[in-house]
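S.K.: Now for the letters of each chain:
Number of protein chains: 2
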Amino acid sequence: MNKLITIIPVSSFNNSKTRLSPFLTEDERKQLLQSMLKDIVEGIKEEVSEIIIISKDPEVLSYAKTLEISTLLEEKHERDHLNNAIIDAIKYVKENYEDAKILILPSDIPLIEKKNIDYLENNNNDFIISPSKGGGTNLLYINNQYDYKPLFGEFSFFKHVTEAKNKKMNINIYDSFYVSIDINTPQDLGELLLHGTHTNTYNYLSSLNIVVENKHGQERLNVYRKDE
Amino acid sequence: MNKLITIIPVSSFNNSKTRLSPFLTEDERKQLLQSMLKDIVEGIKEEVSEIIIISKDPEVLSYAKTLEISTLLEEKHERDHLNNAIIDAIKYVKENYEDAKILILPSDIPLIEKKNIDYLENNNNDFIISPSKGGGTNLLYINNQYDYKPLFGEFSFFKHVTEAKNKKMNINIYDSFYVSIDINTPQDLGELLLHGTHTNTYNYLSSLNIVVENKHGQERLNVYRKDE
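Chains as they are written, first to last, in our numbering: chain A, 1 to 228; chain B, 1 to 228.
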């Protein structure tokens, strides 16, 4: 079977996840990001041939090395940093592996696990995609069609499907709740606290005394810090 | 193959979906509920043997008849109306069908479709459950173990799994994003507008000029009424 190479772009540990500020301090958000990356790597590493983190932040690359995964230094791009970083990473895979299949994942989906990767291997598609909440893309699998153009950003799920149709790819929409949970808001932390009790991210949030309870209002979950 | 009977409890058309008020008027919320029920019925009717709506609201039961599905008048219960209504419906199924399998669905998951039901039939489990956002349960399948006790309410997903473990049932957690989308808040309407362009509910919301756009803030989606 051809290799499955996972690409995880990470912008930077600092100034990230700003929608969780002031709920979490900057240092806490950085530790949250590290916990989530660790969960993703532990969740999928047995099932994929290699994991490559691409980032312009030396601290991210150093942290990736502690997880014993590969790193790529992101080149400077004038604009559309995320998609250009992914294009560079796809080029790197094309040049270094023969006919590898590519999986692109965001760095904030700590509930992804072994069985999600098994699904990709068990389905013989050119293109597999999973939605995130809010119209985004949380999993993008390309079976060696390296000219596929990543279009991450606003409502990317639909743009990605259209691009795959334009390329005449055989499309599979992988309908997964756990993959859809990316962590950007206190509500998302609540979902993680409910469904991710096995994760490093859960342990980290618990160490901050962050808990979740049911709420009857516009938001479903009340996520707050307990007094010690 | 044994029959698969679907039970959909509906409390009432009036005074429901209050988290969507004042975004939608009471009459609009009632029409939204009708659209969602129609989507569920159209989405699954070919795949199940029968669909039974249980409600105490005569208007709900009349509407169900226009969809050509079965109805049960909900008995009065002092407390825990929802779970007691479901217990009554399970009893009805037990008395009227031999060894039927039971599927319990909420009335507000218009993105459910044929393939979700196919999944149940293709997996030979005693118990299949799907999470909703916020720790709830959006799909509960019981393979003729009629003493299973429904525990809908706060964080019911986890209570339901525990109950199935206690009953020594063979458990399958069915990880579905589309099943997880129940419609309670404007954010949920946004998800429906994005992913449900094929639904009656989408057409109804569009007739009200309700649209969705991307948002960068605590909420992912901005859902609003366009000026005509």
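Just so you know, these hints were derived from the structure itself, not from any lab.
There could be a bad hint or two in this list.
One copy or two, either will do: identical chains are not told apart, so a pair holds if it fits within one copy or between any two.
[Said to hold, decoys possible] Below are the DSBU-like pairs computed for lysine-lysine, each with C-alpha atoms no more than 35 Å apart in a straight line: (1) Lys165 with Lys30; (2) Lys30 with Lys168; (3) Lys215 with Lys56; (4) Lys215 with Lys167; (5) Lys226 with Lys3; (6) Lys76 with Lys215; (7) Lys226 with Lys165; (8) Lys56 with Lys115; (9) Lys94 with Lys226.
The structure displayed is predicted, hence computed values, not measured ones.
S.K.: Among all the numbered hints in the text so far, which are the ones the structure does not match?
M.R.: Violated hints: 1, 2, 5 and 9; rest satisfied.
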